[in-house]
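Number of protein chains: 2
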Amino acid sequence: MTHFKEVALQHASRLVNHGPTVLVTSAHGGARNVMAAAWSMPVEFTPPRIAIVIDKKTYTRELITASGGFGVCLPGMALAALTHAVGSESGRTVDKFAHYGLAPRTGPVLGLPLLEEGCAAWLECRLIREPHTEDAYDTCFAEIVAAAADERVFQAGHWHFNDGNTELQTIHHLGGGNFVRPGGMFYAGDAAMARPQSGPA
Amino acid sequence: MTHFKEVALQHASRLVNHGPTVLVTSAHGGARNVMAAAWSMPVEFTPPRIAIVIDKKTYTRELITASGGFGVCLPGMALAALTHAVGSESGRTVDKFAHYGLAPRTGPVLGLPLLEEGCAAWLECRLIREPHTEDAYDTCFAEIVAAAADERVFQAGHWHFNDGNTELQTIHHLGGGNFVRPGGMFYAGDAAMARPQSGPA
Numbered sequence: 392m393t394h395f396k397e398v399a400l401q402h403a404s405r406l407v408n409h410g411p412t413v414l415v416t417s418a419h420g421g422a423r424n425v426m427a428a429a430w431s432m433p434v435e436f437t438p439p440r441i442a443i444v445i446d447k448k449t450y451t452r453e454l455i456t457a458s459g460g461f462g463v464c465l466p467g468m469a470l471a472a473l474t475h476a477v478g479s480e481s482g483r484t485v486d487k488f489a490h491y492g493l494a495p496r497t498g499p500v501l502g503l504p505l506l507e508e509g510c511a512a513w514l515e516c517r518l519i520r521e522p523h524t525e526d527a528y529d530t531c532f533a534e535i536v537a538a539a540a541d542e543r544v545f546q547a548g549h550w551h552f553n554d555g556n557t558e559l560q561t562i563h564h565l566g567g568g569n570f571v572r573p574g575g576m577f578y579a580g581d582a583a584m585a586r587p588q589s590g591p592a
Numbered sequence: 392m393t394h395f396k397e398v399a400l401q402h403a404s405r406l407v408n409h410g411p412t413v414l415v416t417s418a419h420g421g422a423r424n425v426m427a428a429a430w431s432m433p434v435e436f437t438p439p440r441i442a443i444v445i446d447k448k449t450y451t452r453e454l455i456t457a458s459g460g461f462g463v464c465l466p467g468m469a470l471a472a473l474t475h476a477v478g479s480e481s482g483r484t485v486d487k488f489a490h491y492g493l494a495p496r497t498g499p500v501l502g503l504p505l506l507e508e509g510c511a512a513w514l515e516c517r518l519i520r521e522p523h524t525e526d527a528y529d530t531c532f533a534e535i536v537a538a539a540a541d542e543r544v545f546q547a548g549h550w551h552f553n554d555g556n557t558e559l560q561t562i563h564h565l566g567g568g569n570f571v572r573p574g575g576m577f578y579a580g581d582a583a584m585a586r587p588q589s590g591p592a
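Here the protein sequences come in this chain order: A and B.
In terms of our numbering, the first sequence has 591 at position 200, counting the first letter as 1, and numbering is strictly consecutive.
In terms of our numbering, the second sequence has 458 at position 67, counting the first letter as 1, and numbering is strictly consecutive.
No wet-lab data here; the hints were simulated from the structure.
Keep in mind that the hints are not guaranteed to be accurate.
Since copy identity is lost for identical chains, a pair holds within one copy or between any two.
Each computed DMTMM-like pair below joins lysine to aspartate or glutamate, with the alpha-carbon atoms no more than 25 angstroms apart [stated by the list, open to error]:
| hint | residue 1 | residue 2 |
| --- | --- | --- |
| 1 | K448 | E435 |
| 2 | K448 | E508 |
| 3 | K447 | E521 |
| 4 | K447 | E534 |
| 5 | K396 | E521 |
| 6 | K396 | E435 |
| 7 | K447 | D486 |
| 8 | K447 | E558 |
| 9 | K448 | E480 |
| 10 | K396 | E542 |
| 11 | K447 | D529 |
| 12 | K447 | E525 |
| 13 | K447 | E508 |
Construct the entire structure; sequences and hints are all you get.
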């Protein structure tokens, strides 16, 4: 049974706002692939858009350019080792989904392979062709056209990280195979807290 | 006494690899400003380059375009409320450094104002002019030309988050003033862990 629920597109940027490492999924003409990416960010709320760095030498980039879309899946703690593994080998010679026993669902808008088991959320993204930035910075821009998240960790447009859902918490790559997960959620929204005692200068 | 030590440029991307929310500092012709940005990412290791989203309507963008550079400072937990506050008002009418009692140091390469007290690290960045992406996605590309970090939390090219340095730990914005800090650092680098028992398919 899936715990994934649709995420409204105006909340989609919140899924990647805090910098999680993601799995990028792609498919074209019967081939498919999954790789890890630590470098992504939202660039716009409405329409929801992201930027993600995908090396031009990767098989993923080839499939994305051919199909015009890609999936962004947020692995939970449980998939940390897998994330490191799929980021360390190429899908040109092996179907990593089959190799690692991953059973993707089919994306609702673009038909891309998307991972739910062990993941906190996914985004289905339509590539916005920007040949110069793709070439100069390996940076691909895309519009998020569908999103969903596991309701045990993301609900009503907000993350809910707690001691009961550590396996589903997002992972954040520090480099060299070291990761952190979110810890110590706190609210810092009261701007008055930051004001000096002496008042405005 | 400062605990900041120079970070080798080949390690600079690690400072922002895990998705921290940052403070963007800027200065031009006697004016200066600081704002918050949740959307940034590395795009290249060598030369170290980042991309960051800075709304074209902000005063910061105006100063950056005029001066050709900006600072990226990583606030620690202690500056979370400040981060939310400076992200919620414009520097056109107030010098936020003076208003919040911030005493920036001068950047070694570009002379930009950089925050150390309460911060985990900073990067001094030279803008790479990309008019199209700046306009279409508010995305600014830049080369990191200098970097430093507080040795109590980043040493020898690696983050060291532990119970003794929570105040210096990076903060990651979830939206709406809610943040998380890094928790539960773990190693997932052994690819073999992710392989199914049955071996390669």
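Against the structure, the hints:
1. For the identical chains of this complex, K448 and E435 are inter-copy neighbours only, at 14 angstroms across copies versus 27 angstroms inside a copy, given an alpha-carbon limit of 25 angstroms.
2. Taking the closest pair of Cα atoms, K448 and E508 never come within 25 angstroms of each other, the shortest separation being 29 angstroms inside a single copy and 41 angstroms across copies.
3. In this homomeric assembly, K447 and E521 come within 25 angstroms of each other (Cα to Cα) both inside a single copy, at 13 angstroms, and across copies, at 19 angstroms.
4. For the identical chains of this complex, K447 and E534 are neighbours both inside a copy (20 angstroms) and across copies (20 angstroms), given an alpha-carbon limit of 25 angstroms.
5. Taking the shortest Cα distances, K396 and E521 never come within 25 angstroms of each other, neither inside one copy (31 angstroms) nor across copies (38 angstroms).
6. With identical chains, the CA atoms of K396 and E435 are at most 25 angstroms apart within one copy only, with a shortest distance of 22 angstroms there and 35 angstroms across copies.
7. For a Cα distance limit of 25 angstroms, the shortest separation of K447 from D486 inside one copy, 19 angstroms, qualifies, whereas the shortest one across copies, 43 angstroms, does not.
8. For the identical chains of this complex, K447 and E558 are neighbours neither inside a copy (32 angstroms) nor across copies (39 angstroms), given an alpha-carbon limit of 25 angstroms.
9. In this assembly of identical chains, the alpha carbons of K448 and E480 lie at most 25 angstroms apart only when taken from the same copy (12 angstroms versus 42 angstroms across copies).
10. With identical chains, the CA atoms of K396 and E542 are at most 25 angstroms apart within one copy only, with a shortest distance of 6 angstroms there and 42 angstroms across copies.
11. Proximity of K447 and D529 under a CA criterion of 25 angstroms is satisfied in both settings, with 6 angstroms inside one chain copy and 23 angstroms between copies.
12. Taking CA atoms no more than 25 angstroms apart as the test, K447 paired with E525 passes in both settings, with 8 angstroms inside one copy and 22 angstroms between copies.
13. In this homomeric assembly, K447 and E508 never come within 25 angstroms of each other (Cα to Cα): the closest approach is 29 angstroms inside a single copy and 39 angstroms across copies.
When the structure is compared with the earlier hints, violations turn up for hints 2, 5, 8, 13 and for no others.
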